[in-house]
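> Residue numbers (the numbering used here), protein chains in the order written: chain P, 1 to 431; chain L, 1 to 161.
Some hints here could point you the wrong way.
So the derived label-pair ranges between C-beta atoms look like this [what the hints assert, rightly or not]:
{"no.": "1", "chain 1": "L", "residue 1": "S92", "chain 2": "P", "residue 2": "V241", "range": "33 to 41 Å"}
{"no.": "2", "chain 1": "P", "residue 1": "G109", "chain 2": "L", "residue 2": "E91", "range": "19 to 27 Å"}
{"no.": "3", "chain 1": "P", "residue 1": "E53", "chain 2": "L", "residue 2": "S74", "range": "22 to 30 Å"}
{"no.": "4", "chain 1": "L", "residue 1": "S74", "chain 2": "P", "residue 2": "H413", "range": "47 to 55 Å"}
{"no.": "5", "chain 1": "P", "residue 1": "G249", "chain 2": "L", "residue 2": "T73", "range": "51 to 59 Å"}
{"no.": "6", "chain 1": "L", "residue 1": "R104", "chain 2": "P", "residue 2": "S141", "range": "14 to 22 Å"}
The calculated EDC-like cross-link candidates involving lysine to aspartate or glutamate, where the alpha carbons are at most 20 Å apart (straight line), are [what the hints assert, rightly or not]:
{"no.": "7", "chain 1": "P", "residue 1": "K143", "chain 2": "L", "residue 2": "E57"}
{"no.": "8", "chain 1": "P", "residue 1": "K143", "chain 2": "P", "residue 2": "E99"}
{"no.": "9", "chain 1": "L", "residue 1": "K101", "chain 2": "P", "residue 2": "E320"}
{"no.": "10", "chain 1": "L", "residue 1": "K95", "chain 2": "P", "residue 2": "E320"}
{"no.": "11", "chain 1": "P", "residue 1": "K143", "chain 2": "L", "residue 2": "E106"}
Chain L regions said to be covered by chain P (calculated; three or more residues, Cβ under 8 Å) [to be verified]:
{"no.": "12", "segment": "52-62"}
{"no.": "13", "segment": "94-103"}
{"no.": "14", "segment": "126-138"}
To be clear, the hints were calculated from the coordinates, so they are not data collected in a lab. Even for Gly, the Cβ is constructed at its ideal location relative to N, Cα and C.
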Amino acid sequence: MTTARHISFLTALLLATVIVRAQTTTTQAEQPELVKALLTRIDKLEQRVAELEAGNHTASTARPQDGRQQDTQIPKAEVVEESLSTHMHDEHPNGRVAEPHFPSMQLHGFADVDFSATDEPGSFSGFNLGQFVLHVASPLSKKVAYFGELSFTAQPTSYTADVERSIIRYDYNDHFKLSFGRYHTPISYWNTASHLWLWLQTTISRPEIVRFSGRFMPVHCLGMLAEGNIPSRSLGLGYEVGLGNGRAGTISRAGDTGDINSNRAWVARIFARPTAWRDFQIGGAVYRDKITPVPALTGSPTFGEWISSAQIAWTHETPEFLSEFANVHHRDNLTGLVYNSQAYYVQLAYRLPWEARKWKPYYRFEYTHVPPTEPLFSTTTFEVTDLVGSTAGVRFDISDFAAFKWEYRHTKHRPTDPPVNGVFVQTSFTF
Amino acid sequence: MAKTTTFWFRFAVAAVALLCAGRSFAQSGQDIAVIVNPKNNVDNLSMAELVKIFRGERQYWRSNLPVLVLLRTSGSYEREVVLRNIFRMNESQYKQYWVSKIMRAEATSPPTELYSSGMTKEGVTSIPGSIGCITASDVRPGVKVLRINGHLPGEPGYPLH
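Isolated chain P, as found in the complex (with noise of 0.2 Å):
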C-alpha cells in the first residue's frame, strides 16, 4: 500500500515536471509573438483612441493595403502646420517618457579571463585574470556629457586602479565638440576604437604598435580635445585636434600630475568616412612632443618626437580589414641626430555566414623595426624591439556580449633571439 502510494507520488510529481516543463517551453516559443502581438493591440488602441477623440466614429478601421491609399491618410506637412495649432495644446503625458533627463548615469563593464602557454624560456602556462574595466556615460545636460572609466589589472601581490579615461564634453554642434581630461591619443584607430575593451576586438591582444602601457606610442593624453565633422557631403570627412602634456617622464605614460617639461604636445588627425562604404574609414594623424626621460640617459639629452600614422579600417566584417602605420621619428637635441623607427600592422578577418554568424577567424601580420642605435628604444627602461609577427585565430560569440577566443602566435622579435609560438585561449565580455 505504501509502495503504491510512493510510486503514485512520483508518478504525480515526474507527470507534474513533464507539464511544467512543456508548459515553460511554449511559453518561451510564444514569447516574442505574444510581444508582437500585445504591441500590434497597443497600436490599434491608440488609433482608436485618435479617432474617437477626433470625433471620426465611422472613419474606417481598417489599414490601407497599398500606396495609394495611404497616401490620401498622409497629413501633408502644410496640412499639419495648419492643423498644429489646435493639437498643441493637449498635454502629452507620454512624451515625457521620450524626455533626456540629466545626469542620467549608464555604466558598462568590461572583463576578460586568459590561459596562455608558449614555449618562451622561463614563461609559465597557466590562467590569468585580465583587465576589469568600468566605463562610465552620463550626459550633464543636452550638450554637456561626461566619460569616465576605470580598470583594475592583476599584479603579484595586489591589483593596480587605474583612470583610463575621465573627459568632460561640451558639444556646441556637429561640427565643434571640446573635451577636456585624459583621453585616449586619436594617433591610432585602434587605440581609439577597441582600446581595452577586448570584447570589442576581434583578436585577443593589441597590435605592438598600440600596445596597452606600450612605449611605441603615445595610449593616453591628458589636456583638451577637438573634434567634428567636416562639411563634404558624402566623403564623411571629421577632424581631431589635441592639445596636451603628451608623455611623461617615464613614456608609457600620460603626465597626469603635470607636465614634465613646458613644452605642450599636440596631435592632429583627419579622416574621412565615405557614405557609399559604411563601415569604411580612412585617416592619418600626425603628433608633436618634447620626451624628457626620468631617469635621464646619460649626458641628459632630451628628444623632439614628430609621430606621423596612417589608418584605414573596414569593420563591415565580411570582410574586417584593419591596417595601420606608424614613424616614430626622435631627434636627439644634444647631438642633433635623427632616427626613424617604423611599425606596421594588416588585420584580416570574416564572419562566416553558418551557424547564426557566431565565428570569425582571423590573422594578423605586424612588424616593428627600430634602429639599433636609437638612443631612447634601446635603452633597457625604455625599451622597444623589433618584432616580426603573425597571429592566428578564430572568435566565437557565444552571446550578445560574450565571446570566446582561440589565438596562435608566432612571435620574433632580435636577429638574435629564437621565435617565440604561444597558444592563447580567451573569454571576453561586456556587462
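Given chain P's structure and the hints, the job is docking chain L onto it.
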C-alpha cells in the same frame, strides 16, 4: 474531459498564432513615415542623411538643436523596417553597435525606445529635436512627415517599407 481541454488549449494557441501572423502580414509592406516636430524646419532628408542621424553620426540639426532619435521597442514592425533599411543590422548587431559607440564616447546613450506609435507621436510633438518612425497610416496631425529622397510615404520610390 482532458481531451476536450487539450483541444481548446491547442485551438486557442493556434488562433493567437494565426491572429499574430495575420496582423504581421497586414503590416508587412506598409510604408514607414519619418516624423519630426513641426517646428523643425527640415522637410526633406536623403537616405544617407537619415542613416547618419539614426546611427548617431549626425547628432545636431542645422539649427544646432540636438537630435533625439525615438525608436519602437523590439518586436514592432517599425523597428524591423528601421533596422533592416536604415541600420542594415539585426537585433544583436544593433545592440553591439550602441555598446561600442558609447564606449568610444561617440554617444551617451542609444536611441530612446518607446512601446507604441502613440508614444512616438507624443514624444515627437513634445520634444523639438526628436525624430521617429511610425507606420504611415498611424500619422496624425501634430507631427511633420519628412520626405525621404524627395518622396513621401505611399509615393513610388519611397525607401522605407
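> Each hint should be assessed against the structure and marked as holding or not.
Do the hints match the structure? See the list:
no.	hint	verdict
1	L:S92 - P:V241: 33 to 41 Å	holds (36 Å)
2	P:G109 - L:E91: 19 to 27 Å	holds (21 Å)
3	P:E53 - L:S74: 22 to 30 Å	holds (29 Å)
4	L:S74 - P:H413: 47 to 55 Å	holds (49 Å)
5	P:G249 - L:T73: 51 to 59 Å	holds (52 Å)
6	L:R104 - P:S141: 14 to 22 Å	holds (21 Å)
7	P:K143 - L:E57	holds (15 Å)
8	P:K143 - P:E99	holds (14 Å)
9	L:K101 - P:E320	holds (18 Å)
10	L:K95 - P:E320	holds (19 Å)
11	P:K143 - L:E106	holds (13 Å)
12	52-62	holds (count 5)
13	94-103	holds (count 6)
14	126-138	holds (count 7)
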